[in-house]
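Once you've looked at the hints, dock chains B and C against the given chain A.
Chain by chain, the residues run as shown.
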Amino acid sequence: MPIEVNGKTFETDEEGYLANINEWEPGVAEVMAKEDELELTSEHWDIINFLREYYEEYQIAPAVRVLTKAVSKKLGKDKGNSKYLYGLFPYGPGKQACRYAGLPKPTGCV
Amino acid sequence: MSILHLVNKSPYERDSLDTAVDYMLDGDTMLLIEDGVYAAMSGGKAASKISGMKVSVLGPDLAARGISEEKLVDGVTVVDYAGFVDLVESNDKVQSWL
Amino acid sequence: MSNIKKFMYVNRRAPYGTIYAWESLEVVLIGAAFEQDVSLAFIDDGVYQLVKGQDTAGIGMKNFSPTYAALGDYEVTKIYVEKESLEERGLTLDDLQHLVWEDEDDDWAEKDSIRLVSCAELAQVFAEQEVMFNF
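Chains as they are written, first to last, in the numbering used here: chain A, 1 to 110; chain B, 1001 to 1098; chain C, 2001 to 2135.
Isolated chain A, as found in the complex:
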């Protein structure tokens, strides 16, 4: 289902992930979150931006375990744990946050 952001149409795959990562803009995350009835806070954006940087550098979406460890290192141990991340992204930090960030589904996520 394509999504509409500020009058622009973005193609997605059957699971709602953006078809073309390079088309992403912050509004994409906002619209996707609204559909999930979630309000994005700066805490959400920390994770979304982190994921985009990770993808930019390594060309993959990190597994949740890797994300947790890396966030812990970068943003502190109080944020680098699955309880905190699931609190932000109840559908799973890997799947949901990656989707908002315009990334493909994390490798190994089913």
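No wet-lab data here; the hints were simulated from the structure.
Just so we're clear, the structure is a prediction, and the values are computed from it rather than from any experiment.
All C-beta atoms, glycine included, are put in the ideal place defined by N, C-alpha and C.
Incorrect hints may appear among the rest.
[Stated by the list, open to error] Now the in silico label distances, taken between C-beta atoms and shown as ranges:
(1) B:Ser1048 <-> A:Gly27: 55 to 61 Å
(2) B:Arg1014 <-> C:Met2132: 22 to 28 Å
(3) A:Thr9 <-> B:Lys1049: 52 to 58 Å
(4) A:Asp46 <-> C:Gly2058: 34 to 40 Å
(5) A:Leu75 <-> C:Cys2119: 42 to 48 Å
(6) C:Lys2006 <-> B:Gly1052: 47 to 53 Å
(7) C:Trp2108 <-> A:Gly27: 33 to 39 Å
(8) C:Ser2118 <-> A:Leu40: 51 to 57 Å
(9) A:Gly87 <-> C:Glu2087: 51 to 57 Å
(10) A:Glu4 <-> C:Pro2066: 30 to 36 Å
(11) A:Leu40 <-> B:Gly1075: 22 to 28 Å
(12) A:Ile3 <-> B:Leu1025: 56 to 62 Å
Chains B and C only, in chain A's frame:
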């Protein structure tokens, strides 16, 4: 009657390069593409096989594999896709050593 | 845990001519979730996978070489590169990416992941493995 010999396999994995070299006649040209470009790296064991021959390599395939042009065997020329087409045009036939 | 096994992934193909290299990398990343004792070996044309400076813009394929640098995050810290394969191809360690992992127990100190080994040495490492995957 000149032939353009296309080699797209690594010389360290297949014997395509050896056979192509054996079939090269005066006036023929060899074009290395895909994994075939590894043959054109100087310092490699396969490099001696093509020395002194008219050999071109496809630039985009070199770049993809992280091979800079300074690493190429002397005399090997780099062509882009348009150069690939020119080579096909300027030879009578293309022999692809798959 | 007692059921940790020694897994070895053997990579023998160049990166873009076939799908083996990328498939192997994906399996390694997925398999990392099982928290086994993972090692990777690069021999024959497999050493080309680690060559630095790859730029695939001109061939329209995904450049997955940056992903090797993420292996440390996945606790893959033992990457064996066979000396003879490098030499045969006119390559040295300087031509390869510098892969490191961060040791959480040592204040995140960066440590080298790549171990340059001879064929004979690598054969000994293979002998110690419990599961071998070949790509």
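Status of the hints after comparison with the structure:
1. B:Ser1048 <-> A:Gly27: 55 to 61 Å: holds, 58 Å
2. B:Arg1014 <-> C:Met2132: 22 to 28 Å: holds, 24 Å
3. A:Thr9 <-> B:Lys1049: 52 to 58 Å: holds, 54 Å
4. A:Asp46 <-> C:Gly2058: 34 to 40 Å: holds, 36 Å
5. A:Leu75 <-> C:Cys2119: 42 to 48 Å: At roughly 44 Å between Cβ atoms, C:Cys2119 and A:Leu75 fall inside 42 to 48 Å, so the hint holds.
6. C:Lys2006 <-> B:Gly1052: 47 to 53 Å: holds, 48 Å
7. C:Trp2108 <-> A:Gly27: 33 to 39 Å: Holds - the Cβ-Cβ distance for C:Trp2108 and A:Gly27, about 36 Å, lies within 33 to 39 Å.
8. C:Ser2118 <-> A:Leu40: 51 to 57 Å: This hint holds: roughly 54 Å between Cβ atoms.
9. A:Gly87 <-> C:Glu2087: 51 to 57 Å: At roughly 53 Å between Cβ atoms, C:Glu2087 and A:Gly87 fall inside 51 to 57 Å, so the hint holds.
10. A:Glu4 <-> C:Pro2066: 30 to 36 Å: holds, 32 Å
11. A:Leu40 <-> B:Gly1075: 22 to 28 Å: violated, 59 Å
12. A:Ile3 <-> B:Leu1025: 56 to 62 Å: holds, 60 Å
In the structure shown, a violation is registered for the earlier hint numbered 11 alone.
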